[in-house]
Amino acid sequence: MVTQKMNIMVCGGTGCKSSNSELIVTELRRELQENGLADEVQVVQTGCFGFCEKGPVVKILPDNTFYVTVTPEDAHEIIAEHIIKGRKVHRLLFKDPVTEEYINDSKGMNFYKKQLRIALRNCGFINPENIDEAIARDGYAALAKCLTEYTPAEVVDIIKKSGLRGRGGGGFPTGLKWEITAKVKADQKYVICNADEGDPGAFMDRSILEGDPHSVIEAMAINGYCTGSNKGLVYIRAEYPLAIERLKIAINQAHESGLLGKDILGTGFDFDIELRYGAGAFVCGEETALIHSMEGKRGEPTFKPPFPSEEGYLGKPSNVNNVETYANISPIILKGSDWFSSIGTEKSKGTKVFALAGNVNNVGLVEVPMGTTLREVIFEIGGGIRNGKKFKAVQTGGPSGGCLTVKHLDLPIDYDNLIASGSMMGSGGMIVVDEDTCMVSLAKFYLDFTVEESCGKCSPCRIGNKRMSEILETITKGKGTPEDLDRLRNLGEVIKDTSLCGLGQTSPNPVLSTMANFMNEYEAHVIDHKCPAGKCRDLMTYRIEAENCVGCTACARVCPVSAISGERKEVHTIDTSICIKCGACMEKCKFNAVFVS
Amino acid sequence: MSSIQIELHENQVKELVEVCRSFNNDPIELINVLHKAQGIFGYLPAEVQEIVSRELNVPVAKVYGVVTFYSFFTMLPKGQNPISICLGTACYVRGAEKVLDEFKKKLKIAVGETTPDGKFSLNCLRCVGACGLAPVVMVGDRTFGRVSPDGVQQILDEYV
Amino acid sequence: MTKVKTLADLKKLREDLQEKIRLRESGEHPESLVQVKVAMATCGIASGAKDVMTFFMEELEKRGIDAVVTQTGCMGYCYAEPTVEITLPGQSPLVFGFVNSRKADEIIEKYIKKGELVDGIIPVTYQSINDNQKEG
Amino acid sequence: MDKINLTIDNKPVQVDSGTSILKAAEQVGIKIPTLCYLHLEDLNIENKPGGCRICVVEVQGRRNLAPSCATVCMEGMVVRTNTVRVMNARRTVMELILSDHPSDCLVCAKSGKCDLQKTAQDLGIREVHYKGEQSHYKEDRSPSIIRDMDKCILCRRCEMMCNEFQTVGALSGVNRGFDAVVAPAFEQDLVKSTCTFCGQCVAVCPTGALTEVDHTDNIIRALANPKKTVIVQTAPAVRAALGEEFGMEPGTLVTGKLVTALKQLGFDYVFDTDFAADLTIMEEGTELLTRLTSYLNGNKEVPLPILTSCCPAWVNFFEEYYPEMEDIPSTARSPQQMFGAIAKTYFANKIGVDRKELVVTSIMPCLAKKFECQREEFKTDGNPDVDFSLSTRELAALIKQSNIDFLSLPDSDFDAPMGESTGAAVIFGTTGGVIEAAVRTAYEVYTGKPLQKIDFEELRGMEGIRHATIDFNGLPINIGIAHGLGNARKLLDSIKAGTCNFHAIEIMACPGGCIGGGGQPLHHGQSSVIMARQRAIYQEDANKPIRKSHENPYITKLYEEFLGKPLSEKSHHLLHTHYFNRSKVKVVIPKSKS
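Protein chains in written order, with my numbering: chain H, 1 to 597; chain W, 1 to 160; chain C, 1 to 136; chain V, 1 to 594.
Covered stretches of chain V (chain H as the covering partner; in silico rule of three or more C-beta atoms under 8 Å from a C-beta of chain H):
| id | stretch |
| --- | --- |
| 1 | 67-77 |
| 2 | 92-102 |
| 3 | 173-179 |
In short, the hints are calculated from the structure, not lab data. Glycine included, every Cβ here is placed at the ideal spot set by N, Cα and C.
Between the sequences and the hints, there should be enough to build the whole structure, so can you do that?
In structure tokens, the structure reads:
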């Protein structure tokens, strides 16, 4: 009955694997073997389909049939019915929850493609070191359209109407920013691209610059046209050598092609781009600090106003946008503001790129329309939590953001919802943590980052964050008191309220948001002197469960401080006064006799 | 600072002076110049900062102020094999701290130090953007992904 | 490099380039090629994408397969690096994850030579605004 | 100018556009506390980093509290300066600052005059709820200044003075975060830096982080030693400021009380630096005329303009930054050193005391004088011409320690012969004074005619750079004046560039000249204090019976008895000096043309 070569693809993503997808592969192959089809039909395991909720999933090619919640027992029916008789197994098809219809062809199943790539449209498609490939995919078409069809004011208007907001963190309306810079009169203005992506765990800007540098160059030129500037500057982290290299190549090629430089496309518009390097200071993501750094100074922020759009680089009006913001510009110009504003939520339009990382299966870069829920991102695209652990929290917005919990999973992601829940969009880092993570320690991790990265200019950030970190240290050492929690909260609120720049104004967020959502953990640390996640070393005690111990002496031998004693074949004990809680005994024990509490 | 403590190679000094000139001796290019200078000398000793100060006409205190502000700049020579442990969030939640502890234990040095034989130096950095491989360790330009404490010795062995 | 002097130049250039790519992708051209794209962003390179790319270039030549091996940026599947996208003439592209030289060898022998699928395909889970782009 | 209406604590207030909330609040009697903010209005010196966050206020409609020093008033703004939120934030920030500050107020040199201490008191801080690691730095002692950075609160005022006003660039913010501090390059000691010891960092430091080296103890010991003859000279600016230390109004002249106090302290002779100032005019004025005459006679090699050299911080500055121009400044020593040289030769001889048994002390408004008197070239066989230099502040402390009730002291006169001086010498204490004194003498010497009007108003003022042309009987003499080393730098650069047509230039390092010196009573950011001192100086000048240096009878006598004439060989030996290349960066850089 087989008329053409068929392929059966079985999801081998971690989620599906844990629900026996490997056994499905075995069963399918056995069925094929038995039917003498082993040579005709191949069964292959694939990466995650991102539909883990309905896993395991199986897809049949070439007819794109998509089966969900497949069990090993279904293998027989799939082979017998679908492969041999060409009849789809109806009951395994996905039923659209809205229309209640069975979906026959996954081509019509775009709903499982949660992601929509606008900013990342060319990443992973084109060779970033070849401008031809960019041009073939509409590179510089938007610039050409602006220069030949629109006045600068019209372009600003398109951006304004699109509803695009700054992707670097604050979410300031991009069009408005452009308009302000455009309106200031000056002999020289600058277009600045903030590529100082410093959030630990965020790498979308790097990926865009490495994968599609022309999208940024083109957008900067468009910005220059709108604001009356002929000079662009990219402030990029020195830690990103590949991005720097690709950007340089792209700028050169754009120059050679006449898409940068003098008299672009014969329109009389000149535009040039220079690179400036960061040198490892997170605070330089703040625009005034970034500008000081570009001027060769310490990257200390200054009070706004004046805003850079009025008084920026070298005292001249400067429009600062981040990489991802720029990457959205060309599609908006080409497809129109209505198209863009049709994507997303009421106040947050378009898509957002997230760097999904942490204890999630599919670590990677995802771009989803605003309004997608955290659940969709973490469980459907991200493939759920690693090692079958339970989801505990997701940290968004990097060190400036906060931790969201199970109750926020169905929250549509946009600027305002995140802020209302005590976190923020930030640059788009999204770190998922599982049940084994101690939230107090996690808060301390973020705060220590701020302590290290604070520029030291204003007292609340310089001293206050240090004090908060010290209090958290005391708590994780088991020496905290309930009063420490009051101190933490007051410090957090005052630091937010009084700090000079965005870094200090958001630095207490990880602490305050974990205090809001995981107060029980803080209380466990300061009242019971226990760490519920079992992560705070000073709060742990190791003991050997007599029932499981066979007296193999392995633990005693591995203990670096000889805290374990016991005769061979007799139950061993740990002297907790000597134990340094290194956990070596626990790792060594083959009989699960060592417990920690 | 008026007494030169280390001898700078004359060619390197010339190269640095040329770098400054290539940036028109413009003070706003200080950070770019320091990047190049660190490229030439491997680090930024006081003597190098004095040359930069003089060439760009920026007070040497200000040059030092900039050098100490940015974590990328160092006034200490690095080991032959500089080891950097990524402590970005993704690496942190996947156990980078334990890997760091193991390196400290094995090399018997603290973060920011170099082993007495000059072979290894140990540093932390924030997110190299290879979060998919967490925890990540870099030795020179080489990246090691999914490093566990058990794998530390294996990495070191490659360089002995 | 072609100098683009006017809007017309840019449009012409784009059309030429798109046509070239269309021919290559649809395999209508007699010299239809196998296309191999290796994701060479920082995370890809860190997990060995350079070696994989070299392997493909050398081996495809050795084994007499007409192919273009190019690099591209991050495909977003950082967990599965190195990732490689293979486009056989006339077929839609397939992405393979966790590619090392052994996997690459398998891909060449099975998929490129015989069109048989191998384990490790990464389903594309997104739409791009450029996917359904029509000439116009 | 546009007017802006707003309310602060429910009080309506109208201000010019561009006014800060802080200044607007002052108008309606609301004093918002500040720490890092500094504004010397008449001198155009402002420090506004917005870093301490003590002056935060609540602005309706804003998410965060706003620093009142840096926030500009807007129409319709509603500002609250004393809500619970503001007060809690302000106190918490103060507690944080105190948590990283030693609490050794009782033995701190700044105690009682410390802005931090006062603000903490005003805020009613009784307990610091936040404790933790404190910053620790090595104490740095230079000949003039002590840096105890444990007490630094990062207001950055010193850094601003050193870089923006003085353009000395000895200090910079270094490190970051909790480790941030203001320090010289490589966190080395000041002596190894480009520091000129002008002391302006000390003058603006709100805490005990920057103080002067205290020599009062040396003085007390010398006075108690029966073998020693101890003499003292007091600089002109001291008498116009010392009273402030005892609660007197700024600008009160206390010359008579000052002399009485010094006598009561046990100094054997109480002399006046003004005497040496008159001597300076004789030497420097003659040097100017000599150079000028030679130039007018066709010798174009003569270095012009001539620059004054009375200010030791200024001398340090050009030795550091303009060593190649060392032939331009006058070779005349400063009055302090001229005094010391004459005291230890002419006067020692006169009273029959060996120079080693003669202790010459000086009371100076200046901290660079402490450095100057230790210079090797001002020593004979290791014995310095001036042994100890005290600041105005130290003298006040010494008077207090010695149980002298300064306010009730009667007036006395300086001792002869080195206590006699003219009005020309008095005005050495203010910017424009040295050159006015020189003009008074040079005019009469050059023209041979008496001056019609002694007061040269055109040379006076508080502008950073001033210039005037004085008619020397048909010969126009172009005079330049700069105070503040940043302003001096501008003039020097114009000389270097050849765009300068001055014949003579007066330079003083401190704002307003010596009256604003680094050793003066602290002005706490009030430039009106410095203005008042200037008025006092000109008042003292006007009150003097003799107002031209060359008319000082004791100076005439000194030349007759000892020196011969100005620029004589003896003068050269005792009253003139030479300069050194002190440039700190000495790396030899190959200078190939690219």
